[in-house]
Every structure is written in C-alpha cells, then in structure tokens.
Amino acid sequence: MEEINALFQGFAVALSPVNVGLMFLGIVLGILIGVLPGLGGANGVAILLPLTFSMSPVSGIILLSCIYWGALFGGAITSILFNIPGEPWSVATTFDGYPMAQQGQAGQALTAAFTSSFIGALVAVVMITFLAPLVAKFALKFGPPEFFAVQLLTFCSFVGMTKGAPWKTLAAMFLGFSLAAIGMDNVTGQLRLTFGFAPMMKGFDFLIAVIGLFGIGEILLTMEEGLAFKGKNGKIDSKVVLETWKKLPRYWMTYVRSSAVGCWMGITPGGATPASFMGYGIAKRFSKNPDNFGKGEIDGVLAPETAAHAAGTAALLPMLTLGIPGSPTAAVLLGGLLVWGLQPGPLLFVEQKDFVWGLIASMYLGNVVGLIVVLLTVPWFAAILRIPFSIIAPVILVICAVGAYTVHGSMFDVYLMMGFGVLGYVFKKLDYPLAPLVLALVLGDMAENAFRQSLLGSGGSMLVFVSNPLVTSITALALLMLFWPLIGAALGRMKRQAA
Amino acid sequence: MSQPSPDAPEASAASVRTLEMVVAVFFLLIGSVVMWDSARTGANWGADGPQSGYFPFYIGLLMNVASAANLWRAFKSDKSTSFVSRPQIKLVLAVFLPCMVYVLLMQWLGLYLSSLIFIALFMQWQGKFSWLKSGVTSLAVVLLLFVMFEIWFKVPLIKGPIEAALGF
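If you read the protein sequences in the order shown, they are chains A and B. Using the working numbering, read the first sequence as starting at 1 and increasing by one per residue. Using the working numbering, read the second sequence as starting at 500 and increasing by one per residue.
FYI, nobody ran anything at the bench for these hints, they're computed from the structure. Keep in mind that this is a model prediction, so the values were computed, not measured. Just to be clear, a hint being listed does not mean it is correct.
[What the hints assert, rightly or not] Calculated pairs, PhoX-like style, for lysine-lysine (alpha carbon to alpha carbon, straight line, at most 25 Å): (1) 575/B / 428/A; (2) 627/B / 429/A; (3) 202/A / 246/A; (4) 429/A / 658/B; (5) 295/A / 239/A; (6) 428/A / 578/B; (7) 589/B / 428/A; (8) 284/A / 295/A; (9) 295/A / 246/A; (10) 578/B / 589/B; (11) 284/A / 495/A; (12) 295/A / 247/A; (13) 284/A / 246/A; (14) 295/A / 141/A; (15) 202/A / 247/A; (16) 578/B / 429/A; (17) 247/A / 284/A; (18) 632/B / 575/B; (19) 578/B / 202/A; (20) 137/A / 353/A.
Chain A extracted, bound-state conformation:
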C-alpha cells in the first residue's frame, strides 16, 4: 500500500502543467527521432540532454523519458509503412507489419503495433511500481563486493544473452572499460592513458561516444543502402482503430508471453532489440498457423512490439534501484541523473522520493499520452519520410555535431564524435555489439571503484567475491552467464546425441 500512496504523490508531481507540457513535447520529439534514420533513442536523448541542464530534475527526466517512449512508438511507423526499421528494436515488426500494409491493412497494423507497445510498457511500469522499492530496499544492504558482483553479472549477461560472437562482445566491452579508464584516477590522482595530451585529461564522455556510434554510424550505414523511400499511406480512422481493438483481446496469451520476455530482457541487460526478436520467435512457435508468419499475421506485429516496449521500460528498473542501466538509452538517462546532481542507486528511493515517484507516475501518463499522440499524428510523421535523404542527412549530421559540442562546449568532442562514427559504422557491419561498449564506458569507473574497495576490505584477496551467500550466488550467476555460450553449445550437443 505504501507504493500506491507514493505513486499518487508522484502523479501530483507529474501532473503539473509544465510537466504535462513537457510530456507532450517529449513524445512528439521522440516520435520524430524514432522516424528519422540516424537519430534514435540513445543518441536522441544524448543530444537533447544539455537542454535540460537548467530544468529541475523531475522535469528533465520527464522530458527525456518521454522522448524515449516516443522513439519506441515511432520506430513502428517506419517499419510498417516503409519496411525501414527506424530503430533496431523494430526490425522484427517489419516481418509482418509491412506485408499487412501492402495488403491494405496499414491502419490495422499500426493500431495493433501502438496498442501492443502501450500494453507492453504498461505491464513493465506496473512491475517497476511494485518491484523497484523492494529491489532498492534489498540493495541498501549491498556493500562494495555485492555491487561489483552485480556489475559483473550485468556484463556477463551480455556475453550470455547476445546471439553474436561472444569474443566480439568481450572485446567491445573491454574497449569500453579502457576508454572509461582514460583521465585522472579518482583514488590516486594519477593520470592514466592521457600521454600528456591535455583534452584527454578530463576523460571520455560517453555521450560523445553514443552520439558518434549510434548517430554518425547509422547515417553512414543508411547512406550505403542508397535510401529510396517507397511507402504506403498511413491513414488511420477511428473505425479501423475500434475494429482492431475489438480483435486484440483474442491474443491475450501473446501479450502475456511477450511482456514476460520483455520484462526479463529489460532487467537483465538484453535490451529491447533481442527482446523483440525473442517475442516474435515465441509467438511464431506457439501460433496455430506459424506458416502465416512473415506474410502479414497480426500476431507477428503484436509480439515484437509488446516485448520491445516492455524491455525498453523495464530497463529503467536496474537503473533506478542499482544505478546500473539495462540499455544504452537508460545509460544516457543515468548520465542525466548525475548531471542534475542525483546519485543513482538504492538511496534514490529514500532521499529523492518526489523524483523517483514523479518519474514512475510519468511513465504511466507518458505512455497514455504517447498512444493518443501517435494514433492522431501518424500521417504527418509518415510524410516526413518523403523528405529527400539529401536534406535529412546533412541536417541530422549538423544536429549530431551540435549535440556533441554542447556536452562540454569543446571542439575536441566533435572530432571525437566523428572518430566514433567510423567505429560505429565498422562495428555494426562486423556485428560488434555497441550496447556493452557504451555500458562499460558508463559504468567503468563505478565498477572499478567497487572492485578496489572490495579488495581493500579483504586485503587483496579475490575470495571476497565468494565471502557470503548473497555475493557468492550473484558471482556464480555471473559466471554461469559468462560461460553460457559454451554451456549452451554443450547442452545442444547432448540433446542432439540423445535424439
């Protein structure tokens, strides 16, 4: 009951006229970001972060998180109408969304996608409302060894959860840690990896990396495909919406399965993209007519959208309670917390009640606002894609440059952004995952501090990470995740031999 009271206080905070206005602004900006190639949740939020420096923390996070919800909604528009996923997590939506649009059912597909996004997000927010305070309370008992073990679990999960080559995930992750180590060592005051070069002394800001890797890299990739938009019209009227809504309750099992997958993948840092693919795969496996998948089955739109939104939202749970973001966008929001002078972690729930519950309340409201706005404005946003790429590309590049410059007001960051852009382009083409790189860059210093403090406490013995049942089980889980590619392969071989 305590949560319900706190939540209502949160609604009171979130419902101030300024915050509701910011919610609408954020959703509209977010949809725009989701529709445009080269701008996405993570780098879109990173570019707009400096604009919130002067706002109160609650208003700032409401604006930024609503941009995130908007981007999640917006990704579906381009997938269904143009067969171009505006965001990586909407790739799976193209499989059945675009065929539906081709069969003249664009309205149904869009309504189904938006409604499922909304439901997925709602399930995740309800989960956050009740689970987050418990996790935070539990985490208050954590000492440095437990925190390091949780960090270890986060990073090992990447190895266990990503489909790609585990060695590439590891290499990308360690690159992130190395970049995080650049600059002054907070404990000893020594300079690390700066080689006497002054701009390196303050270290790398991960926002620059996010803008370059996701923004510039994406534009280069898009350019390579020589974009030509050939889209369907995105007309939605209230009749189509109501008819589609009538059909949706039939698919309640899909919702249950996809929300569960999404919540799980969001908390463990799988993120929205693998969640959407898993949601799609599971729906196909359980479907009565799996052969229709890929030809315009409404189930194939519902499942990935529900899972992606549930994961995108659930990624905020570890960010709020442990200070460990579950996705690159959550990492950017975490960066925002630090800028506004808040210390992410379990104490946030004790010391910053208004902020936390205001944010959680704004998640409920933001998704309602998002659903309404997106249903009303689809045709306009679809029209944006008819603007030639030769206009959109330079404008987005300019926006990225502005975003990189405003982080510290330094030209060096803009050059760095270009470097990260090349890296992002090459990495994406070679299937090096970007999320572990970004998260390692964000969490590197925190992880190192927790590691050092643990070792200081134990006098240098690594046994501190197996010194009590709690830390031992987290460490064991982390190792299980780390070696999962090997274990999974061995299990598969055993199954095949048994069969």
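Position chain B relative to chain A; hints supplied.
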C-alpha cells in the same frame, strides 16, 4: 532494403575477412597500449591498496585475449564475403568527407555559418536542388538552431567572425 544489390562481387572494395582482421589488430594495439600504460602507473598492490594500473591492466590483458580469438577466427574465415562494394563506399565517403570538412571548418567559421554552407552545398551536390531551395532550407534550419540554442535554452554554440560582427 530487401532488393538484392545490383553490383557484381568483383566490385567489392574490401572483404569482411580483411576488415575483421584490421579491427582485431586495432583492438590488440589498444589492449597493448592500455597494458603498457597501466604497468607504467603501477599494476601491483601498493602500500595503500591497488595501484592506478591494477584494474586497467587486466582489462587490457583480457581485451588482448578476446581480440586474439577474434583475429584467429577471422584468419580462418573465407575471403569471399564482401564488406562493402565500391559503389557503396563511394556513397559513404560522399557523406563522410564533406562532414569532416564541415567539422574542421567549424573551428574558424563557427557552427552556424559552417552548418549553413554544409547543408546548402550537400543538398545542391547530392540532391541536385536549385541554389535557391538549398539556400532557403539551410538558412531556415540554421535560424531555428540559433533561436533554440542561443535564445530559448541559452546554450552557447561555437561562434565565428559573422556572429562577432553581428555582436553576439
């Protein structure tokens, strides 16, 4: 894009294998630099706990292990898959090189003027728009940026001689 790429395989500018190996070597270099620098700052247990290089040293070491595995896997992979075709890399460079020039010009011309030139020239060159259309579009974008950053949000962007002459 779902339609098959029209270019023949011989138009490939580089194979995936080559790029995989280049990237793995790049990682190995960084890993080695990290290890070397960590050894310099001290990767042992000092008088008051772990030294500055303690944690990064092992990060660099593990990065080298992972990259060596990647290099080995790339070495054994087949050469035929194309990383990027010649027409594709031309398109990519057509965006990247002007963008580099734009970023370098920013230092002297300021962000607003260089953005104006960049957007207008890019539209004219890649999109074959008329000078009038390109100019008006890019001017509109730059003015919007100016109003948003300098006036609404009061976030100063880098400025050059034009802004100085106008008194900003």
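For each hint, the structure was consulted:
1. A distance of roughly 21 Å separates the Cα atoms of residue 575/B and residue 428/A; the hinted pair therefore holds under the 25 Å criterion.
2. The suggested pairing of residue 627/B with residue 429/A is violated, with an alpha-carbon distance near 29 Å, which exceeds 25 Å.
3. For the suggested pair residue 202/A and residue 246/A, the alpha carbons sit about 57 Å apart, so the restraint of at most 25 Å is broken.
4. For the given pair, residue 429/A sits about 36 Å from residue 658/B by alpha-carbon distance, which is inconsistent with the 25 Å threshold.
5. Between residue 295/A and residue 239/A the alpha-carbon distance is near 24 Å, which keeps this suggested pair within the 25 Å criterion.
6. Distance check on the hinted pair: residue 428/A and residue 578/B sit about 19 Å apart at the alpha-carbon level, within 25 Å; holds.
7. The hinted pair formed by residue 589/B and residue 428/A meets the criterion: a straight-line CA distance of about 18 Å does not exceed 25 Å.
8. For the hint pairing residue 284/A with residue 295/A, the CA-to-CA distance comes to about 12 Å; that is within 25 Å, so the pair holds.
9. Our distance criterion of 25 Å between C-alpha atoms is met by residue 295/A and residue 246/A, whose separation comes to about 22 Å.
10. As the CA atoms of residue 578/B and residue 589/B are separated by approximately 22 Å, the hinted pair is consistent with the 25 Å bound.
11. In summary, the hint linking residue 284/A to residue 495/A is supported, as the alpha carbons are separated by about 22 Å, within the 25 Å threshold.
12. Only pairs whose Cα atoms come within 25 Å are accepted, and residue 295/A paired with residue 247/A is accepted, the gap being roughly 19 Å.
13. Restraint check for residue 284/A and residue 246/A: the C-alpha separation of about 22 Å stays at or below 25 Å, so the hint holds.
14. Pair hint residue 295/A plus residue 141/A does not hold up; C-alpha atoms about 52 Å apart against a cutoff of 25 Å.
15. Straight-line distance between C-alpha atoms of residue 202/A and residue 247/A comes to about 56 Å, which puts the hinted pair past the 25 Å bound.
16. For the suggested pair residue 578/B and residue 429/A, the alpha carbons sit about 16 Å apart, so the restraint of at most 25 Å is met.
17. Taking the CA atoms of residue 247/A and residue 284/A, the gap is near 18 Å; set against the 25 Å cutoff, the hint holds.
18. Only pairs whose Cα atoms come within 25 Å are accepted, and residue 632/B paired with residue 575/B is rejected, the gap being roughly 52 Å.
19. For the hint linking residue 578/B to residue 202/A, the alpha-carbon distance of about 42 Å lies beyond 25 Å, and the restraint is violated.
20. At most 25 Å may separate the alpha-carbon atoms for a hinted pair to count; residue 137/A and residue 353/A meet this at roughly 13 Å.
Hint compliance for this structure: hints 2, 3, 4, 14, 15, 18, 19 are not met, and every other hint is.
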